[in-house]
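Number of protein chains: 2
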Amino acid sequence: MTKKAFPLAKVYGLLEPGPVVLLTTRRRGRNNVMAMSWHAMLEFEPPQVACVVSNRNHSFGNLRATRECVINIPTVAIARQVVACGNASGAEVDKFAAYGLTPRAASRVDAPLIDECYASLECVVVDTRMVARYCLFVVEVVKAWVDAKVGDPRTIHHRGRGVFTVAGRTIKLRSRMK
Amino acid sequence: MTKKAFPLAKVYGLLEPGPVVLLTTRRRGRNNVMAMSWHAMLEFEPPQVACVVSNRNHSFGNLRATRECVINIPTVAIARQVVACGNASGAEVDKFAAYGLTPRAASRVDAPLIDECYASLECVVVDTRMVARYCLFVVEVVKAWVDAKVGDPRTIHHRGRGVFTVAGRTIKLRSRMK
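Chains G and X, in that order, give the protein sequences.
If you're matching positions, the first sequence starts at 617 in this note's numbering and goes up one per residue.
If you're matching positions, the second sequence starts at 617 in this note's numbering and goes up one per residue.
Honestly, the hints are just simulated from the structure, not real lab data.
No false leads were mixed into what you were given.
Computed footprint of chain G on chain X; a stretch qualifies when at least three of its residues, placed anywhere within it, have a C-beta under 8 Å from a C-beta of chain G:
| no. | region |
| --- | --- |
| 1 | 617-629 |
| 2 | 632-638 |
| 3 | 649-658 |
| 4 | 769-778 |
| 5 | 781-793 |
C-beta atoms are modelled at their ideal positions from N, C-alpha and C, and glycine is treated no differently.
Just chain G, same shape as in the assembly (with noise of 0.2 Å):
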């Protein structure tokens, strides 16, 4: 997908909603995906975010050594592939090349995009008090980017066990909400 730079400030408009996200590490040049849905926003600006990721999964290790990820946001044309990256081992396979994702260089960390998904949020690690106790990451986006022609993504929501509700319509109402 062709993505563009997207502002930092708008950054909260993407993961609000509650997608399932895959959550892209890169250690000893091996690229890993996990598929995420335990996820918050902490702060508009610069755009923070509460990541849970289970110290069973290969990316914990990951993302606490090399305090980088990418958080990817598929939509539902790649469901299938989100639900194997779910059902693997970055120990034992490699996801890229099993579940057919592209990886693609990021701008401001050595973890990868994933050219499939329509936006990708280079982030850092800004925090680890509660990774011990919660296994929750604070990290910051630095830097995004989104497919602008994807206007209402459908995006999938994690339900338990395989079922997912899709991004159905858009409403807009009148409101001073940020």
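Start from chain G and add chain X according to the hints.
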């Protein structure tokens, strides 16, 4: 709505998709309610949830003082009321009365359930160590209620400035993920 008790082990499937929720508190005999989108699951069972409540919100003081709340999950049927809650302060308005929301007594906490929401999660605050830095409260769900008739809830997902995605179709993929 007629809600029944819901297993705590399945609560993650309600919050993980990222819906806007209505967080209720009660202090000194007064109910309050705020709209919240910055939340993430932290643990499956007992279900623990990270909730970001700005210290500019009236609910912040209530939550810190009482250490109790209810997370209520609305659908698009009351989207206008959700936005109204997000645009007013409980310091000035009784939002239940002003926006036609009906409080119901909870079983384990003083904060009220909202009758018009299809699910309500009674919560107690279990960790305030991230409040000073991130306005992040860790709450534990101690009792859950769901209207079993609402199978595929049309939850709303905030994308900023009054734009919401409504939950659309449901897909089911083979997965070993919980």
